[in-house]
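Q: Residues per chain are reported as follows:
2 protein chains.
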Amino acid sequence: MEVELAKSYGFCFGVKRAIEIAQSTPGAVTYGELIHNPLEIERLKRDYDVGLATSVDDITSDNVIIRTHGIVREDKEYLKQQGKRLIDATCPFVKKPQEIVEEMSKAGYDIVIFGDEAHPEVRAVKSYSHDLERTFVVSDPLAANDLKLKEKIAVISQTTKKISDFLQLVAFLIQNHKEVRVFNTICNATFKNQEAVKQLSQKADVMVIVGGKNSSNTKQLYFISQQHCSDSYLVENADELQKEWFEHKNLCGVSAGASTPEWLIQKVIQKIKQLKD
Amino acid sequence: MEVELAKSYGFCFGVKRAIEIAQSTPGAVTYGELIHNPLEIERLKRDYDVGLATSVDDITSDNVIIRTHGIVREDKEYLKQQGKRLIDATCPFVKKPQEIVEEMSKAGYDIVIFGDEAHPEVRAVKSYSHDLERTFVVSDPLAANDLKLKEKIAVISQTTKKISDFLQLVAFLIQNHKEVRVFNTICNATFKNQEAVKQLSQKADVMVIVGGKNSSNTKQLYFISQQHCSDSYLVENADELQKEWFEHKNLCGVSAGASTPEWLIQKVIQKIKQLKD
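Protein chains in written order, with the working numbering: chain G, 37 to 313; chain R, 37 to 313.
Treat the hints loosely; a few may be bogus.
Each pair may be met inside one copy or between any two copies, as identical chains are not told apart.
Lysine to aspartate or glutamate pairs mimicking EDC-like chemistry, simulated, CA-CA at most 20 Å apart [as the list claims (entries may be wrong)]:
no. : residue 1 : residue 2
1   : K198      : E215
2   : K132      : E187
3   : K188      : E215
4   : K142      : E215
5   : K214      : E135
6   : K188      : E135
7   : K186      : D241
8   : K131      : E187
9   : K131      : E215
10  : K309      : E38
11  : K188      : E139
These aren't lab readings, by the way, just hints derived from the structure by calculation.
If we strip away everything but chain G, and leave its shape as in the complex, we get (with noise of 0.2 Å):
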């Protein structure tokens, strides 16, 4: 059996970025994960002694590293009170929804968040807004159709979700509605990745996708895949893989998540070819 990894795969700016602002702070603390990839963020904590905060309240150091997904403009206002110093590791393609949102909320627009609701990303985009009553989250394109929209709407996406999906809320906006400002937000990192995947995951008979199960453009990445390939699996680490997977397989295609770090994927394709012997 061969195994090949995807044209595309792992680690994006954005997350290389983050990783590099973390090293370059020891001793800090982020709020919440600073990219959703447990092992990574161990690797920082034994190596770096870079902390993990889950409430503004637990954070002992005073140099405080917000994660790449961004945080609530409520935390973030709350910890300069708090006169923490922050390290701004939001990725700047996280940003950017952040300030559409503020001013097409200021603007009059309603606004549409295509993306998950309890998603960090989400969460923070979504505090930016002036109007939190006319902002709406939906995670699925034909929940649009449960809105109650006013003429002028501006619709954004999280970052990582499917493009095709965003494409299909936005026709059903735009065919209801006078004026859709469609901003597409979707990273294309994400979207490089994802086609990389499908292109692999076609002629692959079966897929190992490498990344955090919290993460939202890692199970992207395992959707796509599934369709192409049934037998598609997600693991966030080598352990995870089963002999029984590989077997009578010709080809073993590998992608992973933007917060996978390159040294776990390659731990993963060695386990997968030991797994053959």
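Take the given structure of chain G and dock chain R to it, following the hints.
A: Using the frame of chain G, we list chain R on its own:
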């Protein structure tokens, strides 16, 4: 053989309004065809002495009616300079895209007009742009591929285009640009007539669409009809009907463009019934 009219067909709000305006200003001249229906234009000449000029310099009356499709800005200004009294029968749904193009071009957006470059509505709409070099007309969704556009785009449609084609164009633009400001300027009446012709042509075994052959919305109805019923015909008047179209048919569906008067539709239906006897 039964004859069934589409649930929605014929005269739209803008056409009705224009004809009422013309009838209330006998002796006036329309600059360009008031609506795209030669028989109705003949009737207005015969019964209300409303003339037709095809060039700004051929207008003999002091009272000039602006056609439903609107006229280009330069012509409007020229006629004003000539001291003409302008009676505006531009459909309000066509005026809207003119205003959008003016506003968006001032705001620095690249403008994409989905429509036929030579159609009077599109020529008029385009003329309101303050930056003609950054204003593009595409008649085919795929043609957008060839445009070199900036990151901020405003897109509108000729009022009589098919919504599915417009959405295809928009999807392409969204995938390749940061902000696409979509103004759904497709007329509701057009949309309703299109939906109705789709439903009827799915069950009919012969379809007759009545309307001017230079009428964009009539042609759209014909194209939609053809997709579902291969025996679809577009006629301007009853004389064009042919007996053999209706042989061995069970259900003849009839629809008509937004500029087709009721009296003409009834004449066509009568003739179809005669041919069957």
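Q: If a hint holds in the structure, say so; if it does not, say that too.
A: Now the hints, each set against the structure:
Proximity of K198 to E215 under the C-alpha cut-off of 20 Å is restricted to the inter-copy arrangement: shortest distance 17 Å between copies versus 23 Å within a copy. For the identical chains of this complex, K132 and E187 are inter-copy neighbours only, at 14 Å across copies versus 24 Å inside a copy, given an alpha-carbon limit of 20 Å. For a Cα distance limit of 20 Å, the shortest separation of K188 from E215 qualifies both inside one copy, at 5 Å, and across copies, at 15 Å. With identical chains, the CA atoms of K142 and E215 are at most 20 Å apart both within one copy (16 Å) and between copies (18 Å).
In this homomeric assembly, K214 and E135 come within 20 Å of each other (Cα to Cα) only across copies, at 14 Å, whereas the closest approach inside a single copy is 23 Å. Both within a single protomer and between protomers do K188 and E135 lie at most 20 Å apart by alpha-carbon distance, with minima of 18 Å and 16 Å respectively. Taking CA atoms no more than 20 Å apart as the test, K186 paired with D241 passes in neither setting, with 47 Å inside one copy and 41 Å between copies. Taking the closest pair of Cα atoms, K131 and E187 come within 20 Å of each other only across two copies (18 Å); inside a single copy the shortest separation is 26 Å, beyond that limit.
Proximity of K131 to E215 under the C-alpha cut-off of 20 Å is restricted to the inter-copy arrangement: shortest distance 15 Å between copies versus 24 Å within a copy. For the identical chains of this complex, K309 and E38 are intra-copy neighbours only, at 9 Å inside a copy versus 71 Å across copies, given an alpha-carbon limit of 20 Å. Both within a single protomer and between protomers do K188 and E139 lie at most 20 Å apart by alpha-carbon distance, with minima of 14 Å and 16 Å respectively.
In summary, the structure is inconsistent with hint 7 from the numbered list given earlier, while agreeing with all the others.
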